[in-house]
Each structure stands twice: as C-alpha cells, then as structure tokens.
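Now for the letters of each chain:
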Amino acid sequence: MNSFVKAVGVGFISLGLWSSTALAQDSWWKTAAQPYQGATIRGISESTPASKYVEQVLGPKFTEETGIKVEFEATSWDQMYDKAIKDMEANTGIYDFVYIEQDIVYTYLARNFLVDITKSLADNAKIASPDFKPENFTTFLNYFKDPKSGNVMGVPMEAFIKPYLYRKDLFDDPAIQKAYKDSTGADLKPATTHDEYTQIAKFFTEYGADKELWGTTVQASSSHPAAFYEFFESVAPTFGVYNWGIDGKTFAATEANGGQMNSAAAKKALNYWVGLLKYAPPESTSSTWDEVAGTFAAGRAAQGLVYGENAAWIATDESKSTVVGKVGVALPPVEAGVMEAAESGKGYIGYYDGGAFGIPHSSKNKDASLLFLQYIGQASVQTDWALAGSRIVMNSTYHDPKIVDQDKKMNGYYTLMREDGKLFAGAPPFPFHAQVLQVVAPFIYKAIVGEIKPDDALDQAATAAEAELVKLGYRK
Amino acid sequence: MRQSNIGWLFLTPATLILFVVGFVPFIYILYVGFFDWNTNAVDPTLRWAGLQNYRSLVFDTTFLNSLARTLVFAFFVVVSELLLGYVLARALMADRLWGRQFFRTIHTLPIVVAPIAVGATWRLLCVPGFGIVPYYLKLWFGIDYNISTNAYHAFVTAIIMDLWHWTPFVTLSLMAGLTALPKEPLEQAQIDGGNKLQIFWYVIVPMLKPVLLTTVFIRLMDALRSVDEIWMLTKGGPAESTRFIGLHIWINVFPKTDYGYGAAMSLLTLYVTIVLSWLLFVAMTGRKGGAQ
Numbered sequence: 001m002n003s004f005v006k007a008v009g010v011g012f013i014s015l016g017l018w019s020s021t022a023l024a025q026d027s028w029w030k031t032a033a034q035p036y037q038g039a040t041i042r043g044i045s046e047s048t049p050a051s052k053y054v055e056q057v058l059g060p061k062f063t064e065e066t067g068i069k070v071e072f073e074a075t076s077w078d079q080m081y082d083k084a085i086k087d088m089e090a091n092t093g094i095y096d097f098v099y100i101e102q103d104i105v106y107t108y109l110a111r112n113f114l115v116d117i118t119k120s121l122a123d124n125a126k127i128a129s130p131d132f133k134p135e136n137f138t139t140f141l142n143y144f145k146d147p148k149s150g151n152v153m154g155v156p157m158e159a160f161i162k163p164y165l166y167r168k169d170l171f172d173d174p175a176i177q178k179a180y181k182d183s184t185g186a187d188l189k190p191a192t193t194h195d196e197y198t199q200i201a202k203f204f205t206e207y208g209a210d211k212e213l214w215g216t217t218v219q220a221s222s223s224h225p226a227a228f229y230e231f232f233e234s235v236a237p238t239f240g241v242y243n244w245g246i247d248g249k250t251f252a253a254t255e256a257n258g259g260q261m262n263s264a265a266a267k268k269a270l271n272y273w274v275g276l277l278k279y280a281p282p283e284s285t286s287s288t289w290d291e292v293a294g295t296f297a298a299g300r301a302a303q304g305l306v307y308g309e310n311a312a313w314i315a316t317d318e319s320k321s322t323v324v325g326k327v328g329v330a331l332p333p334v335e336a337g338v339m340e341a342a343e344s345g346k347g348y349i350g351y352y353d354g355g356a357f358g359i360p361h362s363s364k365n366k367d368a369s370l371l372f373l374q375y376i377g378q379a380s381v382q383t384d385w386a387l388a389g390s391r392i393v394m395n396s397t398y399h400d401p402k403i404v405d406q407d408k409k410m411n412g413y414y415t416l417m418r419e420d421g422k423l424f425a426g427a428p429p430f431p432f433h434a435q436v437l438q439v440v441a442p443f444i445y446k447a448i449v450g451e452i453k454p455d456d457a458l459d460q461a462a463t464a465a466e467a468e469l470v471k472l473g474y475r476k
Numbered sequence: 001m002r003q004s005n006i007g008w009l010f011l012t013p014a015t016l017i018l019f020v021v022g023f024v025p026f027i028y029i030l031y032v033g034f035f036d037w038n039t040n041a042v043d044p045t046l047r048w049a050g051l052q053n054y055r056s057l058v059f060d061t062t063f064l065n066s067l068a069r070t071l072v073f074a075f076f077v078v079v080s081e082l083l084l085g086y087v088l089a090r091a092l093m094a095d096r097l098w099g100r101q102f103f104r105t106i107h108t109l110p111i112v113v114a115p116i117a118v119g120a121t122w123r124l125l126c127v128p129g130f131g132i133v134p135y136y137l138k139l140w141f142g143i144d145y146n147i148s149t150n151a152y153h154a155f156v157t158a159i160i161m162d163l164w165h166w167t168p169f170v171t172l173s174l175m176a177g178l179t180a181l182p183k184e185p186l187e188q189a190q191i192d193g194g195n196k197l198q199i200f201w202y203v204i205v206p207m208l209k210p211v212l213l214t215t216v217f218i219r220l221m222d223a224l225r226s227v228d229e230i231w232m233l234t235k236g237g238p239a240e241s242t243r244f245i246g247l248h249i250w251i252n253v254f255p256k257t258d259y260g261y262g263a264a265m266s267l268l269t270l271y272v273t274i275v276l277s278w279l280l281f282v283a284m285t286g287r288k289g290g291a292q
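If you're matching them up, the sequences are chains X and R in order.
Residues 1 to 476, numbered by full-length UniProt numbering, are exactly what the first sequence covers, in order.
Residues 1 to 292, numbered by full-length UniProt numbering, are exactly what the second sequence covers, in order.
For reference, chain X alone in the conformation it holds in the complex (with noise of 0.2 Å):
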C-alpha cells in the first residue's frame, strides 16, 4: 500500500513537472510572440514532399502557438527561383522566408541577398528560442553557413542524397536471375560499376519489352536543367569528375586550361549516361526529378538514380507508388578509383542535395520570421517530418524507433544516407552557378536529342562555360 501511494505521488509529480514544462515551452513561444500577433509572415518553396509538410502541418502549428499566421508558397522549382530572387533583388519583401537550395547559397550570399540568423538571435535574445540549436543539426548545416564569418544563414529542411535505387522483386527473383545469369554469365546484383549497370539495363530492356518495364531511369529532359544536374552532379561525379569539371581556384572548364568539363572521363561519363537512354522509358527525354521518382513508381523501371526525397513515398505509400516492399537502396555505380577518392575525402559520388529556409534582407517580419525557422529547428518536430518527406538534417532523429521502423521498409535509406553520406557532397561553391548552367545546360540537351555527338557537346560546353566565367570577371 505503502508503495502504491508512493508509486501514485511519483506519478503525480512526473505529470506535474511534465505539464509545468510543456505549458513553460508554450508560453515562450507565446510569450516570444506577443509583440508580432496577428501578423502574416509569407513564404516559398519548391513543392517537394518536405516542403508540402511545412504547408499542410508545421505552418499552421506555428500559428496556433504563436498567433503568427504562415502563408506558404509551394510552386515549381523554377518558378521559385524566379519568384524569390526577383523579390529580393527589387526589394519588394513579398516574402519573409524563402527556400535556398544549396546550388543557390552561394549566389545568394554573394548578393548579400540574406539575413544573419546567428547574429540577429545573438542581437535580439528574447526571440532566440533555447530549443534551437545549430549544434543538433548534421554536418549539411554548414553547407549555409557564410564562409567568413560561420555564421547560420539558412536552417536547414530537407536533406537528402541521390541513392541508387532498383526492384528488389526483380532481382530476388529467381527465374530472372537464371534468365540473367544465361544471358550475360554474371549474377545479377546490384551494380557497382557502370559496365555492369549498363548490362542490367540493357537486360530489363529487353526482358520488360511486353512489360512496360525498362531497364533504367534517366533524368534527361532535352529542355529543363533537370538535364544538367544529372549529368554533372550525379554522373560525372562517379566518373571522377567533380564540380562541373570548372577548378575551383582558375575558374577553367577545357582541359587545355586545366579545367575537366570536356575532359576524357567527361566525355565517357557523357557517352555512358546518353547510352542509357536506348534503355530508359520514352518519357526520360522528359524527364526531371520529379518524372524519374513517378516513372520508378509507376514500376516502369528496373533501377535508377532517384533523388532520396522521394524515397520514402516510392517505399511505403500504396497511393501512390505500385512498387511498395519491393525497393532496394545502394550506392551509385562507380568507375575504379572513384570510391577510394571519397572514401579518403580527394572527390565524393554524388551530390548531397537539400536545401534550408532563409529570411531575405528584403523581409518586412524578420524577427516573426527567425521564429518561425527557429520552431521548425527544433529536434521534437523532426522526426514526423522525416518520415514525411524522407529528408534528415538532426543526428537525433536517425535514432528515434519511428525512423528506424521507416528505414526497414526502405531496405535502409536512412541508414546509406547517414553512414554513407560523406561520400556525398554538396554543389560546389559557385556564385555564377545559373549563369554557367543556362550557357552549358543547351550542349547537354543537343547531346540528349543527337544534335550532337556527346564529345562535342562537351567541347563546345566547356569553351562557352570559360567564355562566360571571363564575361561575369571571374576568369582573366
């Protein structure tokens, strides 16, 4: 009896203190947002699965616990480009928080198109909420850190790698490995090279040939940067060619100047990639991340690199994917060499993608604005919003069971993700990152279509990228 009473007070004291908590937690985040009630703090993003959550569920959170109302943007990548930069250029403060994708991070700091989150918390320490702590972030938080000073310009939201994704079904399958094995005399398995990569493909091409089954994905829209990013971030890396093939340091992009953009192993990442396409489904010309994740759930190919974004509702959501239970996650093929390179940090495999909220200086509700990216860096809401959007920027959340539980439906993403993620890297730290694409990205397409063969394209690219790095200064 003794015990019991004991074992009720403990409880009571246990419930006690925990209320007393949640209540001081909501009545700082009330009490931080007092002088901005009733204001609307207006933001954009790229409609991606983690974005759509901020939309639908975080958004309107904030506002129920802090009276400051969200209205959230969600639109094409492009067009959020467009919008947020012509806001910030005219100044116009349309938007208080804006979507920086990491390609971008560095343009925009060079235009000082953002406002210093460390120092404004620092500046204003009623608003600097103690549950936000840059420390709890992954390494990818430094990707928006601004170079000179350390400083957090953007908190992280999505986070993601390019995984090489394939139908487990068909490659557990028996009848198939036997058809594989007597076709080509090797064991099917997950590629680790790109010949092999290349004869699975060209295997599943033509053993789907009544199936709408292809061998591969590709992400070759003949129109869209979609294109560009593929070949240069996801491919060219695993040929040992890094940051476009530009240096970093001459801004060269021919080989003749010490650059690798029409470099050999350019040219047969390109040849390799615009191969594949013999073996991709008609709408890979198409194609940009958003078709290659629709087109691998629609079961309509074999295996392919998918952005890790959509990882989890290809995996795990029956409404939308017809490839449930049957995904299998590895790393991308790569050429002798190249695993070693990142391995000991010399080059990576592939581009750690993702992208952070940012407050534009053009903002008119800053200080609502830090808020609200403070709330959504928080770690207690991470973990609905990973299993959400498949996108992972706290160390703590790989561990909660709900990840962990997900993680097995994905034959382990989060996993690859966290212990393999150092072999990724983020785009390379180029303020004329869409000055170079728009003038390279046109070559990139004529190889797609066959308006050119794949080296030229290259040749062609390379000189007009350094063409443009001496027009924009960069390059004497």
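Hints in this document: simulated from the structure, not taken from any laboratory.
Treat the hints with care, as some may be off.
Said to hold, decoys possible - Cβ-to-Cβ under 7 Å is the rule here; a few derived chain R residues that face chain X:
no., residue
1, Ala41
2, Thr234
3, Gly246
Claimed, not checked - BS3-like cross-link-like pairs, simulated, lysine-lysine; straight-line CA separation at most 30 Å:
no., chain 1, residue 1, chain 2, residue 2
4, X, Lys168, X, Lys52
5, X, Lys202, X, Lys409
6, R, Lys138, X, Lys278
7, X, Lys409, X, Lys189
8, R, Lys138, X, Lys211
9, R, Lys138, X, Lys320
10, X, Lys83, X, Lys119
11, X, Lys320, X, Lys133
12, R, Lys138, X, Lys202
13, R, Lys138, X, Lys453
14, X, Lys408, X, Lys211
15, X, Lys278, X, Lys320
16, X, Lys168, X, Lys326
17, X, Lys189, X, Lys83
18, X, Lys145, X, Lys52
Claimed, not checked - Cβ-to-Cβ under 8 Å is the rule here; a few derived chain R residues that face chain X:
no., residue
19, Asp43
20, Thr45
21, Gly129
22, Asn146
23, Ser148
24, Gly236
25, Pro238
26, Ala239
27, Pro255
Note that CB positions come from ideal geometry on N, CA and C, so glycine has one too.
Since the structure of chain X is already known, use the hints to place chain R on it.
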C-alpha cells in the same frame, strides 16, 4: 471655331499612367542596353559598353536562330488562323448549320483558358510514354511522336496548340466583321455575274480589310511574344528547337541576369516587330502610314 482645353484635363490621368508604365520603362531599357550589367559578375555595377551589346547580337547565332524561329512560327500561326478562322466564321454563320449556337459556344471556349493551363494541358496530352497523342499516333499511324526528342514534332505541336487556342478569336472577329458587311455590294456583284471567288476577293476582302488588319496585328503581336504556352509545352526544347525569342530573352534576363544584353535583345526584337507591322500595314492597305 471655339476650342476647349478641358479635354486635355480629362486626358491627363491616362497620359500620366501611360508615361509611367510605358515610356519610363522603355527609356530605362534603352539606357541599360548601352551597358554591361550583370549582378552576378565580379563587378556587378553598370559599365558603359556603348554599342557592344548590339554588335554582339548581330553575331549571336543563338539569338538570330531564336528570332528566325519566332518569325517562322508567327507566319504559320497567323496565316493558318486567318484561313481557318474565316472558314469557321462562314460555317458558323450558315443558317443551315444545325446546333450553330452550341458549336459557337464550344468553339469559343479555348479563348477563356489561361495560356499557362493550355500549355500544361497540351504537355500532358503529348508527353512521351503517357500522353494520348503519342499513344494514338503510334497505334493508328505507326508514328513515333516525341516532342522531347524530335524538333519537328515539337515545332508543329506548338503551332497546333496555338491554332487551337487562338483560332476562335479570329473566328469571332471575322464573324463580327462579316455580319456588319452591307448586303448591297454583294447583291450587286452577284447581279453583275461575279463568281464566288471573285466576290470574295474583290468585294468581301476589301470591305473586311479593317477587321482583317486589326485581327492580323493582334495575332502577330501575340505570336511574336509567345512565352507562357511554349514554356509549359516544351520549355524551349528539345535542345533549342522551340526557344522562341520571348523565352530566349527571359533566360538571358532572369536566370543569367545579363541585363544589358537582355535589354539590347528586347529593343532589337521590338524594332523588328515594328518594322514587320509597318510592312504588313503597307502591304494590306497600300499606304505608307498614317490614318485615313
């Protein structure tokens, strides 16, 4: 004759608005066109370039190709819409046509659809692998239709999409013009023994000229600055095969932030448009300018 200046007072607000939204930006673009200005350059300030931007344009094959492509596109869509629009206008005016009102309504619907939605819808119809257009073209005619690899398919699809969207506008304009034509000259021509072609060419066309001229001008301007529909349909591809001048300028001005060069391109394109319009005006009216 007494003149009152009060009319000028009424005109002032409109004149001011026109000045602010039309003339000032135009002067600013003219000004920027003489500078080298890229906010992402190492030196992001305006640097005097004189006529360099215009000199570069003359040798810029991508720009010239875009311009030529746009002119070809504009020629095909304007001529086709005019012919098709006239045929449809006559058909929809025929008393014998059963359900005429219903067809008129159906035919007019595309005009109210936003260009961005038109482009998106046509893209869905035409996307290889999923779209019903490639599916049925393959099934019925064995054609491997692919707007993301075949430049010809993409260009023709862009023309057909424009015809679908804007022919109803031409039809409506011509119907209004035809309805307003006086009956007497037509009856007189019939009495004089003119055949249908002669009546069309020597009586209807001259009388319809004001309406034709207005319609052609409107459609020509629209076709020359076509951006949104094409962006949604092909994004200017495959490669650069449907990168019309509007898209090309947009790419240079926004993602590339090459403001000086973009301004020069815009002005040159405007100049070409004005010259073309003037030539068309002269060709259709026989006059070299000015109102009648």
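To see whether the hints hold, each was checked on the structure:
no. : hint                : result
1   : Ala41               : holds (4 Å)
2   : Thr234              : holds (6 Å)
3   : Gly246              : violated (15 Å)
4   : X/Lys168 x X/Lys52  : holds (29 Å)
5   : X/Lys202 x X/Lys409 : holds (28 Å)
6   : R/Lys138 x X/Lys278 : holds (18 Å)
7   : X/Lys409 x X/Lys189 : holds (20 Å)
8   : R/Lys138 x X/Lys211 : holds (17 Å)
9   : R/Lys138 x X/Lys320 : holds (28 Å)
10  : X/Lys83 x X/Lys119  : holds (26 Å)
11  : X/Lys320 x X/Lys133 : violated (36 Å)
12  : R/Lys138 x X/Lys202 : holds (23 Å)
13  : R/Lys138 x X/Lys453 : holds (28 Å)
14  : X/Lys408 x X/Lys211 : holds (29 Å)
15  : X/Lys278 x X/Lys320 : holds (27 Å)
16  : X/Lys168 x X/Lys326 : holds (5 Å)
17  : X/Lys189 x X/Lys83  : violated (45 Å)
18  : X/Lys145 x X/Lys52  : holds (25 Å)
19  : Asp43               : holds (6 Å)
20  : Thr45               : violated (11 Å)
21  : Gly129              : holds (3 Å)
22  : Asn146              : holds (7 Å)
23  : Ser148              : holds (4 Å)
24  : Gly236              : holds (5 Å)
25  : Pro238              : holds (4 Å)
26  : Ala239              : holds (4 Å)
27  : Pro255              : holds (5 Å)
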